[in-house]
Every structure is written in C-alpha cells, then in structure tokens.
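> In case you want the letters, here they are:
Protein chains: 2
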Amino acid sequence: MGWGDLGAFGEPSKETPNLDQMASEGMLFLDFYTANPLCSPSRAALLTGRLPVRNGFYTTNAHARNAYTPQDIVGGIPDYELLLPELLKKAGYTNKIIGKWHLGHRPQFHPLKHGFDEWFGSPNCHFGPYDNRALPNIPVYRDWEMIGRYYEDFKIDLKTGEANLTQIYLQEALDFISKQQASQQPFFLYWAIDATHAPVYASKHFLGTSQRGLYGDAVREIDDSIGKILKHLQKLGISEDTFVFFTSDNGAALISAPKQGGSNGRFLCGKQTTFEGGMREPAIAWWPGHIPAGGVSHQLGNVMDLFTTSLSLAGLQPPSDRQIDGIDLLPAILQGKLIDRPIFYYRGNEMMAVRVGLYKAHYWTWSNSWEEYSKGIDFCPGQNVSGVTTHTQEEHTNLPLLFHLGRDPGEKYPLSFVSDEYQRAMEQISAVVQQHKVTMVPGEPQLNVCDKAVMNWSPPGCEKLGKCLKQPESDPKKCFWPH
Amino acid sequence: MGWGDLGAFGEPSKETPNLDQMASEGMLFLDFYTANPLCSPSRAALLTGRLPVRNGFYTTNAHARNAYTPQDIVGGIPDYELLLPELLKKAGYTNKIIGKWHLGHRPQFHPLKHGFDEWFGSPNCHFGPYDNRALPNIPVYRDWEMIGRYYEDFKIDLKTGEANLTQIYLQEALDFISKQQASQQPFFLYWAIDATHAPVYASKHFLGTSQRGLYGDAVREIDDSIGKILKHLQKLGISEDTFVFFTSDNGAALISAPKQGGSNGRFLCGKQTTFEGGMREPAIAWWPGHIPAGGVSHQLGNVMDLFTTSLSLAGLQPPSDRQIDGIDLLPAILQGKLIDRPIFYYRGNEMMAVRVGLYKAHYWTWSNSWEEYSKGIDFCPGQNVSGVTTHTQEEHTNLPLLFHLGRDPGEKYPLSFVSDEYQRAMEQISAVVQQHKVTMVPGEPQLNVCDKAVMNWSPPGCEKLGKCLKQPESDPKKCFWPH
Numbered sequence: 025m026g027w028g029d030l031g032a033f034g035e036p037s038k039e040t041p042n043l044d045q046m047a048s049e050g051m052l053f054l055d056f057y058t059a060n061p062l063c064s065p066s067r068a069a070l071l072t073g074r075l076p077v078r079n080g081f082y083t084t085n086a087h088a089r090n091a092y093t094p095q096d097i098v099g100g101i102p103d104y105e106l107l108l109p110e111l112l113k114k115a116g117y118t119n120k121i122i123g124k125w126h127l128g129h130r131p132q133f134h135p136l137k138h139g140f141d142e143w144f145g146s147p148n149c150h151f152g153p154y155d156n157r158a159l160p161n162i163p164v165y166r167d168w169e170m171i172g173r174y175y176e177d178f179k180i181d182l183k184t185g186e187a188n189l190t191q192i193y194l195q196e197a198l199d200f201i202s203k204q205q206a207s208q209q210p211f212f213l214y215w216a217i218d219a220t221h222a223p224v225y226a227s228k229h230f231l232g233t234s235q236r237g238l239y240g241d242a243v244r245e246i247d248d249s250i251g252k253i254l255k256h257l258q259k260l261g262i263s264e265d266t267f268v269f270f271t272s273d274n275g276a277a278l279i280s281a282p283k284q285g286g287s288n289g290r291f292l293c294g295k296q297t298t299f300e301g302g303m304r305e306p307a308i309a310w311w312p313g314h315i316p317a318g319g320v321s322h323q324l325g326n327v328m329d330l331f332t333t334s335l336s337l338a339g340l341q342p343p344s345d346r347q348i349d350g351i352d353l354l355p356a357i358l359q360g361k362l363i364d365r366p367i368f369y370y371r372g373n374e375m376m377a378v379r380v381g382l383y384k385a386h387y388w389t390w391s392n393s394w395e396e397y398s399k400g401i402d403f404c405p406g407q408n409v410s411g412v413t414t415h416t417q418e419e420h421t422n423l424p425l426l427f428h429l430g431r432d433p434g435e436k437y438p439l440s441f442v443s444d445e446y447q448r449a450m451e452q453i454s455a456v457v458q459q460h461k462v463t464m465v466p467g468e469p470q471l472n473v474c475d476k477a478v479m480n481w482s483p484p485g486c487e488k489l490g491k492c493l494k495q496p497e498s499d500p501k502k503c504f505w506p507h
Numbered sequence: 025m026g027w028g029d030l031g032a033f034g035e036p037s038k039e040t041p042n043l044d045q046m047a048s049e050g051m052l053f054l055d056f057y058t059a060n061p062l063c064s065p066s067r068a069a070l071l072t073g074r075l076p077v078r079n080g081f082y083t084t085n086a087h088a089r090n091a092y093t094p095q096d097i098v099g100g101i102p103d104y105e106l107l108l109p110e111l112l113k114k115a116g117y118t119n120k121i122i123g124k125w126h127l128g129h130r131p132q133f134h135p136l137k138h139g140f141d142e143w144f145g146s147p148n149c150h151f152g153p154y155d156n157r158a159l160p161n162i163p164v165y166r167d168w169e170m171i172g173r174y175y176e177d178f179k180i181d182l183k184t185g186e187a188n189l190t191q192i193y194l195q196e197a198l199d200f201i202s203k204q205q206a207s208q209q210p211f212f213l214y215w216a217i218d219a220t221h222a223p224v225y226a227s228k229h230f231l232g233t234s235q236r237g238l239y240g241d242a243v244r245e246i247d248d249s250i251g252k253i254l255k256h257l258q259k260l261g262i263s264e265d266t267f268v269f270f271t272s273d274n275g276a277a278l279i280s281a282p283k284q285g286g287s288n289g290r291f292l293c294g295k296q297t298t299f300e301g302g303m304r305e306p307a308i309a310w311w312p313g314h315i316p317a318g319g320v321s322h323q324l325g326n327v328m329d330l331f332t333t334s335l336s337l338a339g340l341q342p343p344s345d346r347q348i349d350g351i352d353l354l355p356a357i358l359q360g361k362l363i364d365r366p367i368f369y370y371r372g373n374e375m376m377a378v379r380v381g382l383y384k385a386h387y388w389t390w391s392n393s394w395e396e397y398s399k400g401i402d403f404c405p406g407q408n409v410s411g412v413t414t415h416t417q418e419e420h421t422n423l424p425l426l427f428h429l430g431r432d433p434g435e436k437y438p439l440s441f442v443s444d445e446y447q448r449a450m451e452q453i454s455a456v457v458q459q460h461k462v463t464m465v466p467g468e469p470q471l472n473v474c475d476k477a478v479m480n481w482s483p484p485g486c487e488k489l490g491k492c493l494k495q496p497e498s499d500p501k502k503c504f505w506p507h
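Just so you know, the protein sequences line up as chains A and B, in that order. The C-terminal residue of the first sequence carries number 507 in my numbering, and the numbering is unbroken. The C-terminal residue of the second sequence carries number 507 in my numbering, and the numbering is unbroken.
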C-alpha cells in the first residue's frame with residue numbers, strides 16, 4: 025500500500041473511513057518510512073529493528089539490487105537475529121503472526137522458531153496458480169504445519185479477483201484478541217495482510233464497491249477489517265491497554281497500476297525505488313486515552329522504530345550487543361517531541377540516499393535498467409525527472425543530488441550545487457553519512473543463493489493432507505535480481 | 025492554489041489547520057472544478073454562472089488558447105451579463121469584492137457598475153514593478169477610485185517576498201462583516217485574495233514559517249486569515265446565518281514550482297491545462313447548524329454552481345432568459361444527494377474534454393507548443409504521459425482518449441478503444457457532448473483585442489493622488505495568446 029492510498033493522505037476517492045477515523049482518534053505520521061522498498065527486507069527490519077544490510081536481508085549478487093524471499097531462496101532470518109516476539113516473550117507476551125511471513129520458508133526460518141507462538145498464513149507471496157511440477161503452490165500454515173495451499177484449498181480467482189483471505193485473516197485476529205483478553209494475557213499481534221499485493225483480491229462483499237477498481241476493493245476490505253479490529257478492542261474493554269500501529273512495507277507498486285497498483289500521492293515513483301514513492305508510507309498510531317486524538321507528527325519514523333517502541337511499551341530494553349537502528353517513538357507519540365534522526369534509503373547493500381531534516385541527498389540514482397524498462401517494467405509511469413529517475417546506475421557520491429522535501433516533495437528540482445543552501449545542508453548530511461558508514465558492519469547476505477530444491481514441495485504437515493510433492497535435485501545458483 | 029495544497033487534501037506538510045478544521049466542521053468536495061484553467065475566465069464564470077465561451081471570456085485569435093485580462097486588454101465583462109451581486113441586490117444584499125477583480129479594468133467594467141457596492145483591491149494581477157513609462161503599475165482601488173499603485177503605495181518586496189496585502193484584505197473583510205452585522209443587513213463578500221499567485225508573497229509574521237518555502241508561507245497566511253474570518257462570524261453570532269465556500273480559480277501553477285508554485289496532488293499537470301491538475305480545485309462548504317460536520321461529497325461541482333447556489337440561498341431564481349451552466353448544490357450540501365451533471369473542460373472556445381461520472385474523455389490534448397516548451401515553459405514538470413501531455417494540438421474527436429478517474433486519477437492509462445467499457449462509456453458521453461454542442465451559442469469574444477492605450481495610465485482618482493500617467497496613442501492589435 026502506498027502513502028497516498030488513504031483518504032487521510034489525500035486519496036481522491038476517500039474510501040478509507042475506518043483508517044481515517046483511526047487517524048482522527050490517534051496520530052497521523054506524515055514522514056514515516058520503510059527500511060527498504062521491497063517486502064522481505066522491510067519486514068525483517070520491522071521485526072529486528074535493524075537495517076536489512078545488518079540483519080542479512082540483502083544481496084551482493086549485483087550492485088544495488090532489491091531482493092526478497094521467493095520460493096527458491098535458500099536463506100532466511102538468521103538465528104543470531106533477535107526478533108521482537110522473542111524479546112516480548114520475556115515480558116509474558118503471547119505472539120501471533122497472521123498473514124505473510126516472508127522471512128524465509130525453510131524449517132529453520134519458521135516463525136514459531138523465532139518467537140511467535142501462533143501463525144496463520146503463508147511463508148511467501150500468494151503468486152500462482154502453479155502446476156505443482158515446475159513450481160509448487162504456496163502453502164498456508166496453521167502454527168507448525170501446513171493446512172493447504174493457495175489456489176487449491178485457499179481460492180484466489182484471478183479472473184474476478186475474488187478471494188476470502190482478508191475475511192479469514194480478520195476472523196483469526198478477532199479470535200486471537202478475544203482469547204488473549206479472556207485469559208488476561210498480554211499479546212503481540214502482527215497482522216500482515218496482503219490483499220493489495222498483486223494479484224490483488226477482495227471478498228465477494230467488497231468486489232465492485234470501490235471507485236478505484238479491484239485495488240480499491242482490496243483497500244476497502246482492509247479498511248473495514250481494521251475498523252472491526254479496533255471496535256473489537258473497544259468492545260472487549262482493552263483499547264486503552266492496546267497500542268495499535270498501521271503502516272505498509274513498501275510504496276505502492278506502480279508497475280501494477282492502474283488495475284492492481286495503488287497510489288503514492290504526489291511522491292516520485294513507487295515500490296522497488298528509493299524515491300519517496302518507494303519508501304514513504306502511510307502510518308497511524310492509535311491508543312485511546314494515551315495518544316492525543318487528531319495528532320499529526322512530522323517525526324521522521326521508520327518501521328524499525330516499531331521494534332524499539334514496542335519493547336519500550338512492554339518495559340523492555342532493546343538488545344545492547346548489536347546495533348539497533350529503530351528508535352523509541354513514544355516521546356514523539358505521547359509528548360509530541362521531535363527526535364533528530366536520519367532516514368537511510370538502501371537498495372541491496374548500497375546506501376542510495378539519506379534524509380536529514382527536510383533535505384534528502386541521493387548518492388546513487390536508479391529506477392531500473394534500460395533492458396527491464398524496454399520490456400515495459402516501469403517503476404515511475406508517467407514520471408520522468410531528468411538525471412533522477414535514471415535507467416543506468418548513476419553515482420553522485422562526490423556531489424549528491426539534493427532535494428528539499430518541503431518545497432519539493434516530488435523530488436523534481438535538485439538544489440543548485442553552488443548555492444549556499446546546498447553547501448550548508450551537505451555539510452550536515454556528510455557528517456551523518458560518514459558516521460553511518462564508519463560504524464556499518466554488514467550481516468551475512470541471506471538473499472544470494474537460490475535453489476529449486478528448497479521450494480515448498482513438502483512442508484511439514486503435507487503428509488496428513490496428501491499434499492507432499494517430489495523435490496527436484498539440489499541445484500544451488502546465484503539468484504538473479506534484475507532491479 | 026491547487027487541489028493538493030491543503031492538509032485535508034493530502035499536502036504532506038499539513039500546514040492548513042484552519043481550512044482543515046473548516047472541512048471537518050463542514051463539507052469537503054473532492055470532485056469540484058473551475059470553469060477554465062486560467063484566472064479571468066474562471067472568475068467571470070463564477071460570477072455569471074456561465075461558461076466563459078458564453079459570457080465572452082475567451083479568445084478566437086487562435087485555436088484552443090487560454091486568455092485573460094492583462095493591462096492592455098480592451099474587453100471585459102459585457103453589460104448583458106448578469107452578475108451574482110446584481111441579482112443579490114434584489115434580495116437586499118450588500119455586496120463587496122476584496123482583492124482581484126480581473127473582469128476588465130476599463131471604466132465600463134468597474135465592479136461597482138456590475139452589482140458590487142464596495143471594492144477594495146485591484147483590477148489586474150499584481151505583476152510588476154513597472155517603470156510607469158512602457159507600463160503603468162497596477163492601481164489599487166477603494167470603491168470608485170484608485171488609492172495607490174502596487175509596488176509604490178502597496179509594497180511587494182520581490183526579493184524577500186514580503187507584502188502586507190493579505191493582512192489588509194483580511195482587515196477589510198472583518199470590517200465589512202462587522203458593519204453588515206451591526207446594520208443587520210445581508211451581505212455577499214467575494215474575498216478574492218491572490219497571495220499564491222506569482223509573484224507569491226506573505227507578510228512578515230508568516231515569512232519563513234512554512235516547510236514549503238515562500239509559497240507555503242502564503243498558503244499559511246491565507247489559511248490563518250480564513251480561520252480568523254470564520255471565528256469572526258462565530259463571535260458575531262452570525263455563523264449559522266452565513267454560508268461560506270472556499271475554492272480556487274485554477275490549479276496550481278507548476279510553471280512557478282518549486283519556489284512559487286503549489287500542488288495539484290497526484291493529478292496531471294497544472295494551471296493552463298485541461299488535465300485534472302489544471303481544473304480540479306480544493307473546495308469546502310461551511311455553514312454550521314446546516315451542513316453536517318465532516319461531510320465529504322463526490323458531487324461533480326463547478327465554480328459556476330456558486331452562482332446558482334447563492335441565488336438559491338437568497339431565495340432567488342437564476343435568470344431564465346439565458347443558459348446558466350451552474351446548478352444549485354444545496355441538495356448535495358444539505359441532503360447528501362448526488363446530482364447527475366457533466367463537467368466541460370474548455371480552452372478558449374474549444375471543448376477539450378468532458379467528464380461524465382468517473383469517465384473523462386479528451387477530445388483535444390495539448391499542454392503547450394514545442395516552441396514555448398523549448399523556452400522552459402513546462403505546465404507538466406516531471407510528468408509526461410505519451411500521447412496525452414502533447415506539445416502539438418492533437419484532435420481526438422473521432423476516437424476520444426478515455427480515462428477512468430477512479431482507477432486512474434492521474435490520467436496515465438487511456439482505456440482501450442476496443443474494450444466494452446470504452447464503448448459503453450463513450451455512448452453515454454457522446455450523447456452529453458452532442459446535446460451540449462447543439463445548444464451552445466458562444467458570446468461575443470472579449471479577449472481578442474489588446475491596446476497599450478487602455479492600460480491603467482489614469483484610473484479614476486489618479487488626479488487627487490498626482491498619479492495620472494500619460495496615455496500613449498491607441499494602437500489596437502490582436503492579443504497574442506501563446507498557450
């Protein structure tokens with residue numbers, strides 16, 4: 025989902041009454057970012073509080089490439105990494121993930137081995153349908169074992185866009201919350217729905233209800249579900265004890281527009297890019313009785329902050345034996361403070377850009393290659409900023425392209441290199457970047473090796489269902505990451 | 025000002041708390057349009073309830089050209105046209121215009137000859153400073169006579185952007201409202217401020233206060249002033265008797281960005297064009313006790329509707345001896361009804377596009393000429409939609425380009441000509457267009473002839489001030505309209 029997909033963020037159809045109300049009862053973050061313009065690294069960053077280049081969710085196969093966890097990925101979340109649910113356990117929390125995990129699908133990466141107590145959902149994207157020969161269909165798990173596969177047991181009709189998945193995920197969420205409330209146990213729920221990820225889907229009741237087409241139907245169903253979750257918390261009398269945060273893992277995929285792609289408002293480009301459209305996210309914090317209603321924050325925030333902030337809420341300290349990139353947002357949320365901190369925009373192991381205050385400096389620019397672009401893969405449809413949305417990897421480390429995101433949120437007008445403003449801003453930014461680079465110790469890259477043999481042929485539980493498939497011989501290769 | 029300039033419409037700096045509050049207490053219109061992508065014709069349409077092609081505010085000097093009322097324009101609002109204040113007089117209203125008139129500056133076009141009882145402001149844009157030889161500085165009027173000139177008596181500092189004009193206009197408004205309330209007389213106030221028109225300005229107190237630079241400072245001052253006007257109405261106890269509507273006369277001038285230009289959100293291009301960025305406007309209706317708070321309307325609205333709606337509020341009928349294009353919006357505002365009506369997008373005397381429901385059909389596309397574009401005049405900076413933002417005038421009357429503005433508000437993805445959806449939509453649209461064209465009787469074009477002799481050399485009142493200038497010999501010519 026993109027920054028511009030919510031009514032509260034200016035989507036002209038204004039079809040998200042529940043999220044808009046969540047914002048009016050809570051706090052809207054206008055300058056909130058993901059740690060990566062792609063799903064897996066962003067989610068790994070959210071759960072570890074660390075940049076993907078630290079937690080291993082990146083590739084070194086080629087320069088500045090986005091990578092994720094398709095079915096044939098060999099890597100996943102390293103055991104060394106401490107995930108939010110692992111830490112929350114120490115404070116007595118029960119942790120559940122509903123939806124897409126995306127931190128590796130091989131046995132050692134299973135979410136229940138990394139702190140979650142319960143899981144309902146899938147390890148990978150809901151791409152498909154596959155023929156179960158060249159590629160197996162993606163399994164859906166309940167806790168340790170698979171209970172079926174997408175397109176087989178969990179239908180997604182690619183023709184009509186109908187799928188009941190968001191409703192199933194919603195019911196799972198409501199049931200889990202009820203159970204926790206009944207047992208008076210604290211809980212962490214990671215509700216990782218994916219209806220707005222192509223192939224986009226919605227359930228029958230929502231199909232055709234949006235001005236925006238199928239994508240809008242999916243947004244409306246998510247919006248409706250969030251309204252139901254918040255009302256459920258209120259009905260159970262635990263809304264004042266429950267901190268809720270809504271955000272997305274990357275900008276809207278404009279490549280899928282207009283039928284399956286959302287909106288990044290007036291920001292440049294979308295998913296896969298380190299322009300604002302790829303990484304600035306809708307974000308709302310909600311905690312009645314604690315967060316002042318109708319608040320708006322310009323705090324530079326990041327999904328990694330949810331790690332540190334959640335620990336803070338649980339009375340826990342973040343690990344001190346490693347670099348944590350997330351900060352505790354509670355002073356911003358509860359006292360309206362503005363904490364000075366930069367935002368780093370990575371693609372693979374390359375720091376492409378950095379934001380300090382209202383200034384954003386691009387050290388590298390790239391949308392995608394001419395080769396991919398000529399095939400019709402366009403991350404910036406209808407947008408072309410000369411020298412910025414480049415189709416070759418352009419290095420600017422000696423003289424970064426500098427934008428003022430207040431006057432120019434669309435990254436269209438680089439500041440003049442000879443202006444005083446450029447000199448002043450770059451002096452400050454250079455110090456931040458130097459400090460960052462000096463202390464950066466990259467983790468072992470997890471997204472380099474792919475192997476058909478590791479696909480979801482025979483996930484645990486497949487025997488009971490008669491759904492085990494024959495695994496081909498191992499043939500590990502460097503994964504190919506074109507972007 | 026553009027659609028995207030308000031926090032309520034998704035401007036990422038969210039610096040319009042007063043307008044946002046006005047929206048939360050009133051009704052936000054998401055699909056509200058101007059009648060023309062340029063100032064004079066738009067204002068003529070607002071005050072007459074008629075398309076510029078009917079009321080004469082267009083040119084036939086060249087095909088599909090925007091025209092307005094610079095100092096050397098010979099034409100202006102024809103006597104035949106009935107303006108809103110002329111009609112409101114019949115219901116006992118006192119009418120005042122504060123700010124830019126722009127319906128002609130020669131004596132016969134004076135606003136007090138067209139229904140206004142009071143005027144404080146200027147007949148033309150605040151361009152300048154001029155040398156009073158080749159060009160006179162623009163006069164500022166109080167009622168019948170000039171009281172000074174811009175840059176001479178009413179300072180605008182082009183270097184710092186400082187000017188006190190919005191504060192003066194605000195005080196004029198507050199005083200007028202107080203006077204009317206004291207005398208218990210109904211009033212119509214047309215508060216036509218122009219701080220966001222290049223050269224953009226703000227008063228000292230607001231300079232440097234916006235994240236968005238000088239343009240944002242100007243927006244903040246307008247926002248603050250509107251807050252003060254609304255509070256004044258409340259303090260005087262007449263807010264429940266006063267209908268207030270906020271809108272703009274054209275989309276943000278992206279040609280002036282980033283320093284002097286605003287935002288049209290995610291819409292395509294800006295001022296001067298018939299793409300959404302040129303003509304969709306921010307719009308808020310406010311009338312406590314009558315309009316339900318926090319309402320949002322998708323009613324297709326137009327500035328011309330303010331003519332008809334205002335008459336309706338005053339218990340008057342629109343003239344029946346001429347075609348009125350504006351409709352009465354009260355059913356939409358007070359009862360949430362949706363009235364079926366098209367939106368026509370004109371440039372000069374050419375109907376460039378039409379919107380029916382969520383579909384918009386382009387019959388002609390043009391941003392501006394290659395010649396102007398090559399000089400750096402770019403109405404669509406950073407945006408280029410192939411075959412849509414064309415630099416030659418492209419006719420599509422036989423096979424209009426069709427967009428679905430719900431799925432594709434940015435006008436990036438024309439529908440396939442062979443799709444069923446295209447056929448169905450165009451059938452409906454063609455009928456609307458045919459009906460429109462058959463009944464169209466253009467007025468006498470007012471914006472064809474320019475003459476240096478008619479400039480503001482010696483406006484009424486200049487003698488008292490010693491500010492009369494020598495008028496050159498008459499040399500009428502066809503005005504040159506490049507866009």
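The set of hints was computed from the structure by calculation and includes no laboratory data. These numbers come from a predicted model, not from an experiment. Don't take each hint at face value.
Since copy identity is lost for identical chains, a pair holds within one copy or between any two.
Taking lysine-lysine pairs in the DSBU-like style, the calculated list, with each CA pair at most 35 Å apart, reads [unchecked claim]: (1) 461 <-> 494; (2) 436 <-> 114; (3) 361 <-> 228; (4) 283 <-> 361; (5) 38 <-> 436; (6) 179 <-> 137; (7) 38 <-> 488; (8) 283 <-> 461; (9) 399 <-> 436; (10) 476 <-> 114; (11) 476 <-> 38; (12) 203 <-> 114; (13) 114 <-> 399; (14) 436 <-> 179; (15) 488 <-> 476.
> Against each hint, give a clear statement of whether it holds in the structure.
Evaluation of the provided hints:
For the homomeric pair residue 461 and residue 494, neither the shortest alpha-carbon distance inside one copy (46 Å) nor that between copies (68 Å) is at most 35 Å. Taking the closest pair of Cα atoms, residue 436 and residue 114 never come within 35 Å of each other, the shortest separation being 48 Å inside a single copy and 51 Å across copies. Taking the shortest alpha-carbon separations for residue 361 and residue 228, only the inter-copy value of 27 Å comes in at or below 35 Å, while the best intra-copy value is 44 Å. Taking identical chains as interchangeable, the C-alpha atoms of residue 283 and residue 361 lie at most 35 Å apart only when they sit on different chains, with a minimum of 29 Å there against 40 Å within one chain.
For the identical chains of this complex, residue 38 and residue 436 are neighbours both inside a copy (27 Å) and across copies (20 Å), given an alpha-carbon limit of 35 Å. In this assembly of identical chains, the alpha carbons of residue 179 and residue 137 lie at most 35 Å apart only when taken from the same copy (28 Å versus 71 Å across copies). Taking the shortest alpha-carbon separations for residue 38 and residue 488, neither the intra-copy value of 46 Å nor the inter-copy value of 55 Å comes in at or below 35 Å. For a Cα distance limit of 35 Å, the shortest separation of residue 283 from residue 461 across copies, 34 Å, qualifies, whereas the shortest one inside one copy, 41 Å, does not.
Both within a single protomer and between protomers do residue 399 and residue 436 lie at most 35 Å apart by alpha-carbon distance, with minima of 25 Å and 18 Å respectively. Proximity of residue 476 to residue 114 under the C-alpha cut-off of 35 Å is found in neither arrangement, the shortest distances being 38 Å within a copy and 83 Å between copies. For the identical chains of this complex, residue 476 and residue 38 are neighbours neither inside a copy (44 Å) nor across copies (49 Å), given an alpha-carbon limit of 35 Å. For a Cα distance limit of 35 Å, the shortest separation of residue 203 from residue 114 inside one copy, 20 Å, qualifies, whereas the shortest one across copies, 69 Å, does not.
For the identical chains of this complex, residue 114 and residue 399 are neighbours neither inside a copy (50 Å) nor across copies (66 Å), given an alpha-carbon limit of 35 Å. When the C-alpha separation of residue 436 and residue 179 is checked against a cutoff of 35 Å, the pair qualifies only between copies, where the shortest distance is 32 Å, while the shortest distance within a copy is 43 Å. Taking the shortest alpha-carbon separations for residue 488 and residue 476, only the intra-copy value of 24 Å comes in at or below 35 Å, while the best inter-copy value is 91 Å.
In summary, the numbered hints that this structure violates are 1, 2, 7, 10, 11, 13.
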